[in-house]
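Those protein sequence lines, which keep their order, are chains P and A.
Quick note on numbering: the first sequence equals residues 1 to 765 in my numbering.
Quick note on numbering: the second sequence equals residues 1 to 352 in my numbering.
Be aware that one or more of the hints could be misleading.
Said to hold, decoys possible - Restricting the straight-line Cα-Cα distance to at most 30 Å, the calculated cross-link-like pairs of lysine-lysine (DSSO-like) are: (1) K38/A <-> K79/P; (2) K605/P <-> K154/P; (3) K763/P <-> K752/P; (4) K103/P <-> K79/P; (5) K500/P <-> K32/P; (6) K32/P <-> K86/A.
Stated by the list, open to error - Stretch-level coverage of chain P by chain A, calculated; a stretch enters the list once three of its residues show a Cβ under 8 Å from a Cβ in chain A: (7) 501-514; (8) 631-639; (9) 691-701; (10) 755-764.
Rather than coming from a laboratory, the hints here were simulated on the basis of the structure.
C-beta: ideal position from N, C-alpha, C; glycine also.
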Amino acid sequence: MTVHIKSHGDASDGAFAEAVGGRLSRVDGPAKITGAARYAVEQQLDGLVHAVLVDSTIAAGRVRAIETARAEAAPGVLKVLTPDSIVGLRTASDWFGTPPPDKPYFPLARDITFSGQHVAAVVAETFEQAVAAAALIEISYDETPAIVDLNDAKAGDGIPVDAMTKEWGDAPAAFAAAPVRICAAYNTPREYQAPMEPHGLIARWEDDRLTVWEPSQWLDGMARTYAEWFSVPFENVRLVSPYIGGGFGSKALALSHGAVAAYAARMLGRPVKLVLTRPQTFTGYGGRAATRQTVTIGAAQDGLIQSIVHRGVNETSIDGMWVEPLGSVTSIMYATPNFSSRQNVVRVNSVVPGAMRAPGENPSAFGIECAIDELAYEVGIDPLEIRLRNYAEQDPHARKAWSTRQLREAFATGAERFGWAARTPKPRSMRDGNQLIGWGVAAGTYPVRRAHGEAIVRILADGSVEVESSSIDMGQGTYTILAQTAAETLGVPADSVVVKLGDSRFPRAGVTGGSRLAGVMTGAVYKAATSALDQLVGLAISDPRSPFHALQANTLVVANGRIASPRGDGPDVSIAELLSGIGLDRIEASGDTMPANSTAEDRYKNYTTISMALPHTEGDYSRHSWCAHFIEVRVDEDFGTVRVSRVVSALDSGRLYNPKLAESQWKGGIIMGIGQALLEEGIVDRRHGRIVNNNLADYLVPTNADIPDIEVISVGIPDPHSSALGGKGVGELAIVGVAPAIANAVFHATGKRIRDLPITLEKLI
Amino acid sequence: MRDFDYIRPATIPDAVAAAAQPGSAYLAGGTNLLDLMKGGITSPERIVDITRLPELDRVEELPEGGLRIGALVRNADLAHDPSFAKAYPAVAEALLSGASAQLRNAATVGGNLLQRTRCSYFYDTASPCNRREPGSGCSALHGENRLHAVLGWSEACIATHPSDFCVPLVALDAVVEIEGKDGRRHVTLEEFHRLPGQTPQRETVLEPGDLIVAVRLPAEAASFAANARYLKVRERTSYAFAVVSAAAALTVEGGRIRAARLALGGVAAKPWRARAAEALLIGAPAEEASFLRAADAALAEATPSGDNAFKIELARRIVVRALTSALAGTPALMPALPASPFSNIPGARHDA
C-alpha cells in the first residue's frame with residue numbers, strides 16, 4: 001500500500017505538533033505523573049485475596065516432600081497449592097502457534113530444572129498472612145548435579161541450530177589466505193530486563209469467563225495461552241493492561257505464576273492477586289541469555305574484508321529452547337565475499353532465557369563491532385574509515401537492495417557532531433589529570449518486523465474521536481502517536497481524540513515486540529480514520545438534512561474539527577453540528593492492515609501468534625533501521641572505573657511519527673546499553689546455581705548520575721517499503737552498538753581490549 | 001512479614017527497658033530494618049520505635065569543644081548543615097556519597113552505625129550464614145566474594161561493613177554515646193564495631209537494650225578541616241556501596257605532616273582505622289613517597305578472602321589518592337559528585 005505522506009516533517013511545536021511527525025508530549029504523561037494511571041495490580045476488587053509463591057532452592061533434582069501443615073494452619077490461609085494439587089490444566093501452544101503436545105500442564109514443579117522454579121503457593125486473606133505462611137512451608141529435595149552456566153565444565157559444546165547457519169563463498173579458505181587475520185572471543189553475561197513494575201496479576205473468574213489484569217506486551221497472545229491452559233474458548237478470556245511499568249521484552253508471554261493465580265482464583269471463587277517479589281523477577285522468567293562468540297576476520301592490508309568466520313553459542317534451559325540469533329548483525333553489517341556463521345545452544349539449569357531489548361542483534365553487534373575495531377588497529381586505519389571502506393551497498397546475505405539505509409549519513413552526521421576528526425588514534429593518547437579519555441564508534445541495526453493490527457475509530461456526537469485497539473503502551477508512546485494519526489487523518493485537534501488501549505475486548509493487535517507496533521498501528525488507525533472520514537464527508541454531501549446537501553460538492557474539507565467546502569464558499573459547521581443536523585450520534589469505522597482476502601483463522605493466527613509476521617527480506621528489499629554511536633569514556637587510571645562522559649548517536653528509523661518520543665526511546669536504549677557495557681551481569685553461585693545479585697541494590701543498572709547528556713540525531717527518510725506511513729523500528733535500535741562503542745572507547749583510552757561484558761574495574765587495573 | 005509488637009516509648013529509660021527484652025529491635029529511619037523484616041532475614045518480636053524520643057535529633061557544640069550529634073539526626077540534615085560541612089568536610093562528603101537522596105532523608109546517625117552487611121548470602125535465607133544463623137556456616141567464603149573483606153576477616157565470616165559515614169568518623173576519633181540498663185557510657189567508634197572472629201553475629205559491643213543516643217566528635221576533629229577528604233570507588237556513580245573507600249585528614253606544617261588520620265571502608269567488618277599508616281605519616285614529608293609507604297602499611301595485613309585480591313591493590317591506590325587529595329586541600333564547595341574520582345567531569349550532576 002502506498003499513501004501520500006504530507007511534507008511538514010518534524011515541525012517542533014505549534015499546530016504541527018499534533019500532526020503525525022509533530023513533537024506532541026505524551027498524552028498519558030499527566031495520568032502517570034499524578035498517580036491517576038491505574039496499573040494492573042492496583043485494581044480494587046471486592047473479595048480480593050493474595051497469593052505468594054515458594055520457589056526451589058536447588059537447581060536440579062526432584063522435590064521429595066513438601067510439608068504444608070503449618071502453613072495451612074496459619075492465620076488467614078485459604079489454600080496451599082503444591083505440584084500435585086493443580087490438576088486439569090493443559091499445555092498451551094508456543095508463540096509460533098505450534099500445536100502443543102497433548103499433555104497436562106503443571107505450573108508448580110516437582111522435577112526441578114533451575115533454582116527459583118515455583119514449587120508451592122499460599123493463598124491468604126491478606127498479603128502479610130500469605131507471606132508469613134509461605135515461610136512455614138518446608139520442602140525437601142533429592143538434589144542432582146546442575147550445569148550452572150555456559151562455563152560449567154559439564155555444559156559441553158551444545159546443540160547445533162542449523163536454521164542459524166549462514167554461509168556463502170569459502171570463508172575458512174579465504175581467511176587462511178588473507179594477509180591480515182584477527183580472531184577474538186567475545187562474551188556477554190546473563191542480563192535482566194529489570195522493569196520498574198514487577199510482573200504480577202489479578203485473576204477473576206465469573207463462571208467460565210476469566211478476566212486477567214496483568215501488564216502485557218501482547219494481550220491477544222496471552223489470552224490465547226490462558227484459554228488453552230484452562231480449556232475455555234479464547235473469547236472467554238479478557239486481558240486488561242492499560243498501563244505497563246516497563247517491559248523490555250519480558251511481558252509478552254503468559255507465565256507460570258499467572259497460571260497459579262488464575263487456578264487459585266477459580267478454585268476459591270475469589271479474585272486472586274499475585275505479584276513476583278523482586279528476587280523472583282530474576283527467575284520467574286528469562287533475561288537475556290549469556291552468549292559466547294568467536295569472530296575471525298581475514299582482510300587485505302587496506303582493511304577490505306575478505307572473510308568472516310563467526311561461531312556463536314547461547315545458553316538455554318534444560319527443557320526449553322531459546323535461540324539468541326548471534327549472526328544477525330555479523331551477516332549484514334559489512335560487505336564480504338566469504339562468510340560463515342554457525343550457532344549452538346547449550347542447555348544449563350536456568351529458567352528459559354527470553355526476549356530482552358534487541359535479542360540477537362544486541363550481542364551480535366558486540367562481537368562484530370568490536371572485531372572490526374580490532375581490525376582497524378591491526379591495519380592502522382581509523383575505526384570510522386574502515387567501516388566506510390567495508391560499507392555494504394546491499395544486503396550481503398539476502399542479496400537484495402536495502403529499502404533505505406542511511407548509515408553513511410549516520411556516520412557522517414554523528415562524526416561531525418561528536419568532533420571525531422580531532423581524535424588522536426593512539427591508545428592512551430588523550431587524558432585529563434587522572435582520567436584516561438577514549439573515543440569509540442560502533443554501528444547498530446535492527447530489522448523491520450512487520451505484522452498486522454486492527455483499530456476502531458469513532459466520531460462521537462460532540463465531535464470528539466475515540467480510537468480503540470488491544471495494542472499497548474509501555475511508555476513508548478502508542479497513546480500519543482495514535483491520537484496524532486487519527487487527528488491528522490480526520491482533521492481534528494489531537495486533544496479531541498481519546499485513545500483506548502490495553503483491553504483484549506478492543507480490536508486486536510499482535511505482539512508489541514521487535515519494534516513493530518508503531519508501524520502496524522499507525523497503519524491500522526490511518527485506514528480506520530480514513531474510512532470514518534469518508535463516511536462523514538459522504539453523509540455531509542448526500543444526507544438531505546446536511547447543510548452541504550444543496551452544494552452539489554464532490555468533496556468537503558475537514559480541518560480543526562470543522563467541515564467546509566474546499567473553496568470556502570458554503571457553510572462552515574463543526575462535526576458536532578453536522579452530526580446533530582443529520583441525526584447521528586456517531587460514525588464508526590474499523591480498519592486493519594490484513595490482506596483483503598484474510599480469513600477469520602488468518603486473523604486469529606496473526607493476532608495470537610508470531611507465525612504470520614512478514615520477513616524483513618520479503619519481496620525485493622531488505623528492511624532495517626540503522627545507527628551509529630560515538631561515545632567518549634573516562635577511565636580513572638588508578639581505579640579502573642569507567643564512566644561515559646559524552647554520547648552522540650545518529651539514527652535511521654525512517655520517518656518518525658513523533659520525534660520527541662522517538663528520541664526518548666533512543667535515549668532509553670542508549671542508557672540501557674551503558675548499563676550493559678559497564679554494570680549488568682547476573683552472577684550465579686557455582687555451587688547451587690542461584691542468582692546471587694537478584695535485587696536492584698546488587699544487580700546494578702545506571703543511575704542518573706551515570707548518564708551524561710546524550711545527543712540523538714535522526715538521519716532517517718520515509719521508507720515506503722517498511723510501513724504504511726514510512727517509519728521503521730525505533731525501540732530496540734538504539735541499544736544495538738552501544739556496548740561495543742564503549743568497549744572500543746575503553747581500548748582507545750587504556751590500550752586494554754575487554755571482550756567480556758560488563759567492563760568492571762578489576763578488568764582494567 | 002511476621003506479626004510483631006509495636007511500642008513507642010516516651011522516654012529513653014522506657015525505651016531501654018522495653019528493648020532489653022529478648023527479640024526486640026529499635027526502629028528509627030527503618031531504611032535497613034524494614035527491608036530485613038520484609039525479606040525474612042530478621043523477625044523481631046518487638047519493635048521499639050524511638051522516633052518520638054525527645055532531644056535525640058539535635059546537633060550541639062560541646063562546652064569543652066567538639067560536637068555532639070543526636071542519634072536521630074537524619075543523614076541529609078547533617079550533611080547539608082553548612083557549619084558541620086565546613087568543620088568536618090570529609091564526614092559530609094561521606095554522607096552525601098552514601099545511598100540515595102531519599103534514603104539519606106530518612107536514615108539516621110545511629111542507624112547508620114548499626115546497618116547490617118550487604119553480603120548477598122546474609123540476605124538469601126536459603127543460604128547458610130553465620131551472621132544470620134550462628135553456626136550454620138559462611139556461604140561467601142567459597143562462594144561469590146568479589147566484594148568481600150580483605151582485612152580482619154575470619155573463616156566464620158568475610159562480610160564487610162557498608163557504611164561510608166563511619167569511615168571518616170573512625171578516622172576522627174568519634175565516640176559513641178550509649179544509654180543502657182546501667183546508665184550512660186562512651187565507647188570509641190573504633191571499639192564499637194567488632195571483627196567477626198568466631199562470633200560474627202555479634203557485630204557491635206551493644207548489649208540488649210543498649211541505645212545509641214549520640215555520636216561525639218572531639219575538638220581535635222575540626223583541626224583537619226582544611227585538608228580532609230573522603231574518596232569512594234564504586235561501580236556506579238550513585239546509590240552503590242563502596243568497593244573500597246578511604247578517609248584521609250592531614251595537618252601540614254612546612255612541608256611535613258604534623259598530624260594524620262586515615263581509615264578505610266569496604267575492606268572489613270568494621271570501618272578500618274589504619275593506625276600503622278598514620279604513624280608512618282606523622283613527621284614525614286608531605287609527598288607521594290610518604291603516601292605510598294603509608295598505603296603499603298595500611299594494607300600490610302591484608303589477605304584476599306576469595307576472588308578479591310584486586311581490592312587490596314585498589315585499597316592501596318585509594319589511600320594514595322585520598323592522601324594526595326587531602327594534601328591538595330579541601331575544596332571550597334562540595335564536589336559535584338561527592339567522594340567520586342569523577343567529580344571533576346564537566347557537567348557532572350550535583351545530586352548524586
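Going down the list of hints, with the structure as the test:
For the proposed pair K38/A and K79/P, the alpha carbon gap of about 22 Å is at most 30 Å, so the pair holds. Proposed proximity of K605/P and K154/P is contradicted: the alpha carbons are some 40 Å apart, above 30 Å. Using a Cα cut-off of 30 Å, the hinted pair K763/P and K752/P holds, with the two alpha carbons roughly 9 Å apart. Annotation: proposed proximity of K103/P to K79/P holds, straight-line Cα distance about 25 Å (limit 30 Å).
At most 30 Å may separate the alpha-carbon atoms for a hinted pair to count; K500/P and K32/P meet this at roughly 15 Å. Taken as a hint, the K32/P and K86/A pair is broken in the structure, with Cα atoms around 41 Å apart against an allowance of 30 Å. A count of 0 residues in the stretch 501-514 of chain P with a Cβ less than 8 Å from any Cβ of chain A is obtained; the coverage claim is therefore unmet, three being the minimum. With a cut-off of 8 Å between beta carbons, the stretch 631-639 of chain P has 4 residues touching chain A; three or more are needed, and the interface restraint holds.
Check result for the stretch 691-701 of chain P against chain A: holds, 6 residues qualifying (beta carbon to beta carbon below 8 Å, three or more required). Residue count for the stretch 755-764 of chain P with a Cβ under 8 Å from a Cβ of chain A: 3. That meets the three needed, and the coverage hint holds.
Of the numbered hints given earlier, the model fails hints 2, 6, 7; all others are met.
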